[in-house]
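Protein sequence lines, in the order shown, are assigned to chains A and B. Numbering that gives the first Met the number 0 numbers the first residue of the first sequence as 0 and each following residue consecutively. Numbering that gives the first Met the number 0 numbers the first residue of the second sequence as 0 and each following residue consecutively.
Take the hints with a grain of salt, since some may be wrong.
Identical chains blur together in the list; that is why a pair holds if it fits in one copy or across any two.
[Said to hold, decoys possible] Pairs of lysine-lysine residues, derived as DSSO-like cross-links and limited to a Cα-Cα distance of at most 30 Å, are as follows:
#1 K193 <-> K307
#2 K10 <-> K193
#3 K12 <-> K276
#4 K343 <-> K355
#5 K83 <-> K193
#6 K95 <-> K276
#7 K193 <-> K276
#8 K311 <-> K193
#9 K307 <-> K261
#10 K54 <-> K127
#11 K10 <-> K307
#12 K193 <-> K261
#13 K88 <-> K193
#14 K101 <-> K193
Simulated from the structure, these hints should not be mistaken for lab results.
2 protein chains.
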Amino acid sequence: MWENELTRELKIKYPIIQAPMAGGITSPELVAAVSNSGGLGMIGAGYMSPSQLRKQISEVRRLTDYPFGINLFIPSEFRVDSEKLNLTKAIIQPFKEELVVKEEPILPTYEGDLSTFHEQLSIVVEEKVPICSFTFGLPSPEVIARLKENSIVLIGTATTVQEAIMNENAGMDAVVVQGSEAGGHRGTFQGEEKQSLIGLMSLIPQVADAIRIPKIAAGGIMDGRGIIAAKCLGATGVQMGTAFLVCEESGANILHKNAIIKASENQVVLTKAFSGKMARGINNRFITEMRRYEEELPVYPLQNELTKAIRKASAAIGIPEYMSLWSGQSPRIAKKLPARELVKRIVTEAETLRVKL
Amino acid sequence: MWENELTRELKIKYPIIQAPMAGGITSPELVAAVSNSGGLGMIGAGYMSPSQLRKQISEVRRLTDYPFGINLFIPSEFRVDSEKLNLTKAIIQPFKEELVVKEEPILPTYEGDLSTFHEQLSIVVEEKVPICSFTFGLPSPEVIARLKENSIVLIGTATTVQEAIMNENAGMDAVVVQGSEAGGHRGTFQGEEKQSLIGLMSLIPQVADAIRIPKIAAGGIMDGRGIIAAKCLGATGVQMGTAFLVCEESGANILHKNAIIKASENQVVLTKAFSGKMARGINNRFITEMRRYEEELPVYPLQNELTKAIRKASAAIGIPEYMSLWSGQSPRIAKKLPARELVKRIVTEAETLRVKL
Chain A
0 MWENELTREL
10 KIKYPIIQAP
20 MAGGITSPEL
30 VAAVSNSGGL
40 GMIGAGYMSP
50 SQLRKQISEV
60 RRLTDYPFGI
70 NLFIPSEFRV
80 DSEKLNLTKA
90 IIQPFKEELV
100 VKEEPILPTY
110 EGDLSTFHEQ
120 LSIVVEEKVP
130 ICSFTFGLPS
140 PEVIARLKEN
150 SIVLIGTATT
160 VQEAIMNENA
170 GMDAVVVQGS
180 EAGGHRGTFQ
190 GEEKQSLIGL
200 MSLIPQVADA
210 IRIPKIAAGG
220 IMDGRGIIAA
230 KCLGATGVQM
240 GTAFLVCEES
250 GANILHKNAI
260 IKASENQVVL
270 TKAFSGKMAR
280 GINNRFITEM
290 RRYEEELPVY
300 PLQNELTKAI
310 RKASAAIGIP
320 EYMSLWSGQS
330 PRIAKKLPAR
340 ELVKRIVTEA
350 ETLRVKL
Chain B
0 MWENELTREL
10 KIKYPIIQAP
20 MAGGITSPEL
30 VAAVSNSGGL
40 GMIGAGYMSP
50 SQLRKQISEV
60 RRLTDYPFGI
70 NLFIPSEFRV
80 DSEKLNLTKA
90 IIQPFKEELV
100 VKEEPILPTY
110 EGDLSTFHEQ
120 LSIVVEEKVP
130 ICSFTFGLPS
140 PEVIARLKEN
150 SIVLIGTATT
160 VQEAIMNENA
170 GMDAVVVQGS
180 EAGGHRGTFQ
190 GEEKQSLIGL
200 MSLIPQVADA
210 IRIPKIAAGG
220 IMDGRGIIAA
230 KCLGATGVQM
240 GTAFLVCEES
250 GANILHKNAI
260 IKASENQVVL
270 TKAFSGKMAR
280 GINNRFITEM
290 RRYEEELPVY
300 PLQNELTKAI
310 RKASAAIGIP
320 EYMSLWSGQS
330 PRIAKKLPAR
340 ELVKRIVTEA
350 ETLRVKL
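The following block holds chain A by itself, in its conformation from the complex (with noise of 0.2 Å):
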């Protein structure tokens, strides 16, 4: 039942990534964890710096065996639009103040980092990482065609037919298309965010007709009736980000994880505010208060930096009204397990359902 075209390209048991979510969320434990129960572990490797990168992977190594992949984040070029600058720098005085965070950010730039993102490259190549997916738009000819030399598996993220079609074209091996439930940051990179929010239901079907290499589904999945209905839809596979952020293994700060067992589906909105860029998460008082001024951010990652130490000062005072609770449209679902378990459970639901329809 569960080996496929993509399980053979990943060299895994069962079609289930486990989501690269950044920030500190993917520890080495959780990772090691799913690769462990059959899956593959992903490192979210987005803000890591080449030193915490090579780290995480040496650890990831320690405690398993099996294959595991890294996701990296594609930098774009941006303006830095000081007016908009001083506008958040305004808006979000109060909230410092009220947190007692002193540092001023420091301001990232492309080429800072286009030079990271080339350096995390590098340390893929040399690790012989075997698999790398990416997000926030598409590598170029000449990292595809190095990263391929060395048989690293690439995987791409899609969030319209139209960016599915540009994954498989640009020789993307696998592609992650996510649907509009999908907790954290929107993938999109062409075209609007706002006209890119299409459910799984519609994406999957919609995007297998239009391309062939496997398809993995992102968004809303927790559960085997998630993975059996991604299959159903045309999916090879499933990537789960919150159902294994709230594993006891994930780095998630424990108010994050607390703030998913206990929400309602109705509860995670789409947001701006902490990043610049539209992402899901649940609703707390940073997003309600910042709800009026979206439009007028700075861009990503400009606010995402702007936005960092507010986070942080949040989680270490434990009030989760300032951080950024990143979560999938399904937090009714969620359920505190170790992965391996999660895992299990989730395979043998599948394997259930399947001989009951």
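Starting from the known structure of chain A, fit chain B onto it as the hints suggest.
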């Protein structure tokens, strides 16, 4: 494979319901063709006068001996804000001039809507229509009791888990679970429309965990893949709108059908511009030009009445730019077929898929 609690209750062969799209789409030919094919045809009676409704029922009865249903809109109280009325009148005046629309709208009142609703209900009872579904709210306990005494099967609409529970508690026999993928108006009646846009991959399993009555999945389902996927997620049946809208027998304007056939999934957007209530349709000039005023428009049904003549005139001169081109998020899967042929294809596809899983 097909018989279940819902097919037994509705006395149909396949748990496939044709969505009760209002505004002349559900022609007697379409409703009868769906019922004759083993699904459930539904009359979208929301905007129908009592005499139109009687006529429609008798025409459907002439074309089928199988069960069919009727959908009614629950009237809700609204406040006439003359400032907003004047604003929208001013905004749409240029469109009226462009389309040479002279007629002035007659504004609806809550009392008028309520009286029409009660007349519609009386017709449903007198004509012994076997199934009655509701959108935009819950009928009163008195209405529910009256319909139940007459052995009419009652179906509600929910866009969140909470609304689904409210439907079950009110005594509905089944509930349509409307995902964010769905075309046309959002059925949200509790809480904010924007926070009630849940993709079916998330919504169905969370509703299935919360209520016992049959769940009818609606939104983006167009073929056998969607039906089996919905079933995996916990749905008892499906309701399909866009898929039937483009069918040969549908009363939808040919411009509307063609717009769907040509559209891609990310051209389908949410708008309040046509009616004051959030709805999903294909982007056009009217939606684009009204975008910036969206939060300042009069509420439903006022805005609906104010834009009616524009939409009608747009259709009359053969330009789809000012029409409400309702569509779900899967337009790429739409096919112009006779309804009987569509049902047959879907059933065969679902049966084949189930065996292959």
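Going through the hints against the structure:
1. K193 <-> K307: both (24 Å within a copy, 27 Å between copies)
2. K10 <-> K193: neither (36 Å within a copy, 41 Å between copies)
3. K12 <-> K276: Classified as neither: same-chain Cα gap 34 Å, cross-chain 47 Å, threshold 30 Å.
4. K343 <-> K355: both (19 Å within a copy, 23 Å between copies)
5. K83 <-> K193: both (21 Å within a copy, 26 Å between copies)
6. K95 <-> K276: Classified as within; 21 Å inside a copy, 38 Å across copies.
7. K193 <-> K276: both (11 Å within a copy, 18 Å between copies)
8. K311 <-> K193: Classified as both: same-chain Cα gap 28 Å, cross-chain 29 Å, threshold 30 Å.
9. K307 <-> K261: within (25 Å within a copy, 44 Å between copies)
10. K54 <-> K127: The answer is within: 14 Å in one copy meets 30 Å, while 72 Å across copies does not.
11. K10 <-> K307: This pair counts as neither: shortest intra-copy Cα distance 37 Å, inter-copy 58 Å.
12. K193 <-> K261: both (27 Å within a copy, 21 Å between copies)
13. K88 <-> K193: Both: 25 Å inside a chain and 28 Å across chains, each within 30 Å.
14. K101 <-> K193: neither (34 Å within a copy, 36 Å between copies)
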